[in-house]
Each structure stands twice: as C-alpha cells, then as structure tokens.
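Listed in order, the protein sequences are those of chains A and B.
Taking our numbering, the leading residue of the first sequence gets 4, the next gets one more, and so forth.
Taking our numbering, the leading residue of the second sequence gets 13, the next gets one more, and so forth.
Possibly wrong hints are sitting among the right ones.
Derived lysine to any residue pairs resembling SDA-like cross-links, with alpha carbons at most 25 Å apart [to be verified]:
id	chain 1	residue 1	chain 2	residue 2
1	A	K138	B	Q144
2	B	K32	A	G150
3	A	K151	B	I22
4	B	K32	B	D52
5	B	K70	A	L187
6	B	K28	B	E57
7	A	K346	B	E68
8	B	K28	A	D141
9	A	K251	B	Y151
10	A	K138	A	L154
11	A	K138	B	K28
Label pairs and their in silico Cβ distance ranges [what the hints assert, rightly or not]:
id	chain 1	residue 1	chain 2	residue 2	range
12	B	V145	A	G386	36 to 46 Å
13	A	M371	B	G114	35 to 45 Å
14	B	T154	A	S366	22 to 32 Å
15	B	N146	A	V199	34 to 44 Å
16	B	G167	A	D51	52 to 62 Å
17	B	G167	A	G386	52 to 62 Å
18	B	G114	A	G272	34 to 44 Å
19	B	T154	A	F76	51 to 61 Å
20	B	P66	A	G272	47 to 57 Å
21	A	Q137	B	P66	27 to 37 Å
22	B	N146	A	E412	39 to 49 Å
23	A	D74	B	S31	18 to 28 Å
24	B	K125	A	T325	28 to 38 Å
Calculated from the model, a selection of chain B residues having no Cβ within reach of chain A, i.e. all distances over 10 Å [unchecked claim]:
id	residue
25	D51
26	Q119
27	P122
Read the hints as simulated data drawn from the structure, not as lab findings.
Positions of the beta carbon are idealized from the N, C-alpha and C atoms, including for glycine.
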Amino acid sequence: MDKHVLLRDLDVPNIRELAVYEANDGYAAWRKALTAMKPEEVIAVVKDAGLRGRGGAGFPAGLKWSFIPKDIFPKYVVVNGDESEAGTFKDHQLLDNNPHQVIEGTALCAYAVQANTAYIYLRGEFLEPSRTLQKAIDEAYAAGLLGKNILGTGYNLDIHIHLGAGAYICGEETALLSSLEGQLGQPRLRPPFPAVQGLYAKPTVINNVETLANVPPIVLNGAQWYRQFGTEKSPGTKIFCVSGRVNKPGNYELPLGQHTIRELIDMAGGTINNRPVKGVLPAGSSAPILPASALDTKLDYESMQAAGSLLGSASFVILDDTVDIVWAARKMIRFFKHESCGKCTPCREGTHWAMNLYDKIVSGQGSMKDIDMLAEVANSMAGKCFCLLGEFATSPILSTLKHFRPEYEKWVSQPRVTAGA
Amino acid sequence: MLKEKRASDIERTLAKYPSKRSAVMPLLYIAQQEYGYCDDNAIREVAEILGLDPTEVKSIVGFYTMFYEEPTGQYVIEVCDDLPCALRGADEFVAHCERKLGVKAGQTTPDGKFTLRTVMCIAACDRAPVAQVNTEYRYSLTPESFDRMIDDLKG
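Please take these sequences and the hints and turn them into a complete structure.
Listed below in structure tokens is the structure:
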C-alpha cells in the first residue's frame, strides 16, 4: 500500500481544505456519480467492492443500501459518528483531518438511495471536530456540491450535523435514531429494521464515518481496484487504532488480512520497555481478550473470529505483562455499568452486580465463590439483553476468566488493596 | 428568555428537522451556553419552545452526561480515566489534578473557577492522558503542562 485510501491527511497536507481535496481527486466520484451513474449503479459498485461496515458489525454496506425501498419518501441517511468504544479514535482523525471525504461518501450514499437529507450524528465531545466538519460542509455548499440542484443535475441534498451529549449507547443504531428524534437514547426492537422504518419511521441508511469514507475511492476507481486490498471476505483497507502499552499509539491504515496482530504492535513501535504482551483487546472493551498465543492472528473479520474474538471497530488495546488483568476487567465493567442505558434488566442489573463483585475482589474481600459468581452474572446476561451493549459487557468478564483465571484466584487468596479499589 | 435572546440560533436549529422534538438536544446546549447549566427554568423554556412537557425535557437532561443539572465551575475539566488512558498513567494523572486543584474528581473549587470530573473514553487514546476543558481537547498532558494550563486559566 503506497498511499493511504482513508487517512489521506498523512500523504496530502491540508487535505481538510476544499481546494486541496479537489486538487487530489476530491469530489471527482461525486461528479462522476451525479453526471454519469444511475443510483443503482452506485449501489452495485459498493456491493461489488464488498465494503463491510467499519463501525463494528461488518455488515456489507452495499447490501444495506439495497434494502431501502424505492417507492417510499422521504428517505434519510444517518452517519454514525458517535465513536465511543474505548480505544477507538479513527473517526476522530478522519473528521479532524479529512472531513470532505466523509462528506463526499455521505453524499454518494444519499444519492445511491435517493435521500435528500443526511444527518451526521457526532458524539457531543466532538465539538471541535464538528466545527471542522461544519466548515467543510459550508465550503461544499458554497461550491455548489451540496444544496439545491447540485451541479445542475436537479438533485438536492442537505447535510446537517447533530451533536449527541455523552452516551455510549447512542452508537447502537436504533438508540442513535431515538436520540436524533429527541427521545432518550435507548435501543428499539428490530424488526422493523431502519432500512424500512428508521428515522421518523422512514427508510434510513445508517453507516459509520469510516465506512462512508471508503465510498468515494470505490466509486471513482471501481470495485476491482478496491479489491486489490484485503481478502475475498474482508476487502479494502481498514484503520486500526492502537493504544495502551505501546510506544507509538495511533491510527494505522492497513489492507485487511495482510498483517498480524504482532506486526501491528511492531508498527506501533513495540511495547513500552519491550515488555512481553499479556493480552490484546481487538475491539476495545467489547470483544473477548486474546492471549499472547494469538498474536499471529491475521487482521481481518474472519481470522479474528476464528481466533475467538472479533475485529469490531479494530481498536486494539495492548496489555503487557505489567498490567493486572482483574484491574483491567474492572475498568471495562465500570465503563459498561456507567453506559448501560437502563432499559433492560439483565444489562442494568448485571453490570451493577458485576461491578460490586469486582470492587469486592480488588478490595481484598473476595472469595473463590465471588469469582464463580462473576461468571454466573455474565452468563445470566449473555443472550438475554435487549441490545449488544449488555452482550459486550459479558466479554471482559468471561474472556479474562477463560484466559487469566489464576490472576483472579491470586486476588482472593493473597488479598492486596489497591488505590482506586 | 432564550426565545428572544437566541432567536436566530433557535430558528436555524428548528429548520434542520422535520420534527420539532429533534431539536431538544441542540436547544439544551443553547440553554446551557446561556445559563451555565440546565435548571428547571431552562428546561421549562426549552419545553415551551418545542411544545413538550417539561418532564420529558428533564428526562433528556438526566439521561445524557453532558447536560449539567447543577451549576459548574467556569472551566469544566474532564479527564479520561478509562482503560486505554489508564494504561498510560491516567489514574496517577487524575490524582495529580486533584492535588493541584485541591478538590476531588466531581467537585468544584471553592472560588468557582474549576470543576474536575473524570469521564469515560473520549476517543483520543493515542494522546493520553487527555482531557477536555469546556469540551475542547487538551492532548498528551503531563503534570507540568496541566499545572501551566491551570495557572494560565487562573489568569
């Protein structure tokens, strides 16, 4: 990969400015689609490219777009920029440094499904990125690339930014829609799926910021070009966020399936003081921890799954041998307890009781029974929660117990008291 | 009254959505800019503009962490102490912030200048320890740079 497809700010200085973006193929795909492609041709090329959703679920984007009914109006495009998974900061970089590519991808999606309004939902903490993005949107309007009768084609599109206000659950697509409608950010039952009844009960496409940033290069260069990167089932490039105990934490854009976790850690400068890796969280707090024996797993959706975890949003949090696993699991459960929306009992109560057990264990009051109780709490949540948040919350418990149970046992057999407990 | 004072902002916000109710969060931000926090009066004003029951607006304020129900300091300093940041010293960093400001996380300094809070992941784990001051990022903080920042803000 000689040039970045997404993190183009690393190759082209000031690409956040419209003039620079346009001088580097910016909005060429948008012009091409509007003047020479039918909406269904845009869907077809994204489908052929095999682009999978980059927000975590990995659902094929083109397929999602094809579910939008043709005869119901209005339709909406909603961009998920709630980026709140612990360890994830890729959309942040895209919004700060390459906002026009996000806007162009949003516009292409809107044209493909024939929506005339798009909302970009950003987490409330992205106030500064929202200013950069709004400036870019204003530039695009002024250049006639958004608004009424775009490029004289008769197609209209408005793009609005909507700021959240601090709630991880709003990254869940139906909770995001509720939040955008001015309701509590709580998930809804599916079906109906958003493609049929989404925002204001109208057909709605929801895609992640990074997913849509992939669309302009796909439309411009074609599906075959895109498929030179990645694997058959995981085509394209992906941004990997690396954080934790490494020397150079940051975003690394790589073709899917070409490199291993070990190589990713090397790219991130290796571990601090060259300590051995103890475990890797491939999707922040939300996917099972992988032990060091899995470091040669390839970085794609299917390989991560085969290794017993998930690629998710590809936010790799690296833990070295100085990290106490029980401490780390407690941090993650604290996150889920704080972010549980309270709608369903297993998640609301489960995260609460799991947190109590972790507090008991790290305050030196725990017993072997409490360790078993943790597993019991997690197992009574698994498969019973209203949305994935509660399912995710079982991961830190069950996966750390599976791979690092002796560390828990050490906490209850040789009690220590730590700060923060 | 918000209705008069921020009339053009409110009008622009309402125009973005086919449903008035969608404007509840943007309007609460406007109210918070004006009043510093979302008290019952602010909630009633927003509810009236949107034709909602104040209770419904209050539930929105309570659900989201970025709407304040109590007065805050002039500068709200929110330090992330979630796992990725904690792996890079965030817990020790928070302890330093508490010592420098002389308050615990969650408290406001007696002069009303600073509120210190800890927050969950704010999507900047590559530049930990990280904080936001009135929702503006401060990246790659050190105890020294934090002290300088506080001294500067004290003016």
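Q. Of the hints given before, which are not true for this structure?
A. none
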